[in-house]
Amino acid sequence: MSETPEKPFVPDQPTVSRKFWIALWLTCGVSVLIEFLVHRHEHFEKSDSALASATNGFGFYVALGFLACSAAILLAKGLGVFLKTRENYYDDTP
Amino acid sequence: MTLLNSIPPGLILILGAIVLLLLPATARKAGAIGLAALGFFAISQLETGERLSPSFLGFDLTLLRVDATSKAFGYIFTLCAVAAFIFSWHEKRRAENTAALVYIGSALGVVFAGDMITWYVCWELMAIASTFLILARKTEKSLKAAQRYILVHLAGGLILLTGILLTVHNHKTGSIAFNEFPKDEIGSWFILIGILINAAAVPFSSWLPDAYPESTIMGGVILSAYTTKTAVYTLIRGFPGWEILVPIGCVMTLYGIIYALLENDMRRILSYSIINQVGFMVCGVGIGTNLAIAGVVAHAFCHIIYKALLWMSAGAVLFRTGKSKCTELGGLYKTMPITMILGTIGALAISSVPFTSGFVSKTIIVATAEQNNYLWAWLVLEIASAGVFLHAGIKFPYFVFFNVDRGLRPKEAPKPMLIGMGLLAFLCIYLGCHPAPLYDILPLLHRPLLPEANLESLGTTFSAIYVDHFSNVVTMFQLLAFSALAFFVFLPWLKRTPTISIDFDWFYRKGAKLFYAAMDRSLNGLNKAADKYVIKTFLPALTRFALVAPATLTAMALKPVWRAMDPDEAGLAKRRDELVAKFTTGTFPIAYSAACVLIILSLLVLIGRTAD
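Going line by line, the protein sequences match chains A and B. Everything in the first sequence is counted per my numbering, starting at 1 for the first residue and increasing by one. Everything in the second sequence is counted per my numbering, starting at 1001 for the first residue and increasing by one.
So that you can see chain A by itself, here it is in the shape it has in the complex (with noise of 0.2 Å):
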């Protein structure tokens, strides 16, 4: 079977098609645009800590999110140089 020559919506390269990028911008966009709609619910309501306060900020998860997740992966990009090892690591270790 031949190669598709031109890129799918779907990513199927390592580097993901143009289209798949705007509609991922999209959705995070309109993700944040909503907020503007809703009331949110008030977290920690009792406690005086500037934490608990700022769970309650405008785009905390959209923060939350990106951040966990980057530092997830940079975290664990840097473990991998200690903790990556060949995958026979058990055959002869044991």
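There are no misleading hints in this set.
In silico lysine-lysine, DSS-like type, Cα no more than 27 Å apart, as pairs:
1. B:Lys1325 to A:Lys77
2. B:Lys1495 to A:Lys84
3. B:Lys1325 to B:Lys1141
4. B:Lys1510 to A:Lys77
Just some of the chain A residues that point at chain B, by a computed CB distance under 10 Å:
5. Leu24
6. Glu35
7. His39
8. Gly59
9. Phe66
10. Ala68
11. Cys69
12. Leu79
13. Leu83
14. Thr85
15. Tyr89
16. Tyr90
DEER-style ranges, computed between Cβ atoms:
17. A:Phe20 to B:Glu1180: 50 to 56 Å
18. B:Met1519 to A:Leu75: 33 to 39 Å
19. B:Ile1244 to A:Gly80: 28 to 34 Å
20. B:Asp1531 to A:Leu75: 52 to 58 Å
21. B:Pro1203 to A:Glu45: 32 to 38 Å
22. B:Ser1044 to A:Leu75: 42 to 48 Å
Calculated from the structure, these hints are not laboratory results. None of these values were measured; they are calculated from a predicted model. Every residue gets a Cβ at the ideal spot worked out from N, C-alpha and C, and that includes glycine.
Dock chain B against the given chain A, drawing on the hints supplied.
Showing chain B alone in chain A's frame:
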């Protein structure tokens, strides 16, 4: 139906498994599905209460304790079994169905056990039966993994047994009832460790991603559901509200994410993902309010469904391609589109995407963390929710079904596999849109501690969850959309490598070696020193002394007599040498010995007289 009401459902599966061994392949496979369905029906007929109390070694067992919690776990255990046996219709090996049924039956045994002896026996039976699901792969790797797996579980079982014995011993009544454990008893802590090993809590977690990916296709699906969730069930029974479980659960959620990101094998990714999800449940048990416990049961229920679905889609890929590494897979959506869609539904459900089951169960646990002011725990659970989407929600389907087209053109998964997956995928969406049947079986009154929030505050109907609480949908949507953005922004950094990662077992493997070396140095050093100084130096000296000393002493005593008999020095020396020779060879004329005996006897008589 009184008969079903007094039979432990686990027993139906275990006895049925033995009968199935005798049947031909098709009847055996159909029988396994039928037995699981019969188990489900039997559980639905069980009336609340404690029954079946035979006496064993002077203890009254309780083989059947039925309440909302045990029934909820029973339902999902048998439901998952039905789907798994349909999925595994291709499986021809006799041993596998039997091992799976005994494993599931003993898991049900734990769930309905009302005493610690029944619990322990079923617990160990689970460990043994599950090992066969790994061995059945019949590869060198799976054999070794199974050996490591059973060793960990036997060790965990012994720790649990120690705890049970200590607890029974300390109970004034000698009661073996399996209820909440007291915090101030050492036995409770042993039991907790024994359970946490099965729950794959950090640092006892590495056995899971080591063993499950080496199991058979069916084995992976079955294993993913029972061992860890039985552990969660026993935590609910024995340790609700133990705050130590909150940090333990939080660590599990984060550890699962980081390791899943590092992994290359799709089934290893899913294994770490189990630990991440069980972390949510362990955390919920630690919070321990009745709503939190209800949330844990709901999450365990939904988790078993979507996790089995994910393992099935991975299994279908493995079945068709024979490959399980991300570096060897990719582009499969072209020829396995249905598997891709069903697997993706599982991936969305585990990520708690609105309208899937994960959204209506995980939300309860996260909400209780907030209601009970666990700020840090709440934050970690939210971060972990984003991380789940990253590793299981996107990474798994992306690297398996999309990414690079590696020219693999396998056929779509066989029909039974699609039916098994379809059933679970349907449940993922059905429960996400209409959670009432699930909420109805939750043990909301399991622990009447706090009058705080009930499920109504989160919504129990479609309109309440998705319309009245629309802001929750929005925030979840934001969290997931930006997690996805992070994934694709950092995609080049996520390039897979053909590696595995060193886990916490490193500590006990290397620790054991270190311990061995330390013991070798210290104990064998002591041995060597004892050999050198005691055996080779002291004892010969003692022997020499024992030989020479009597001769020297006798010679000294006889010297005046000899001198009187023969004043010549040379004669003296000769007599002395003769005496020493006689002592060392032990060759005395009989007269000498007789004289000595006579002297000693006389002395004894004298001493005896004096004493009188």
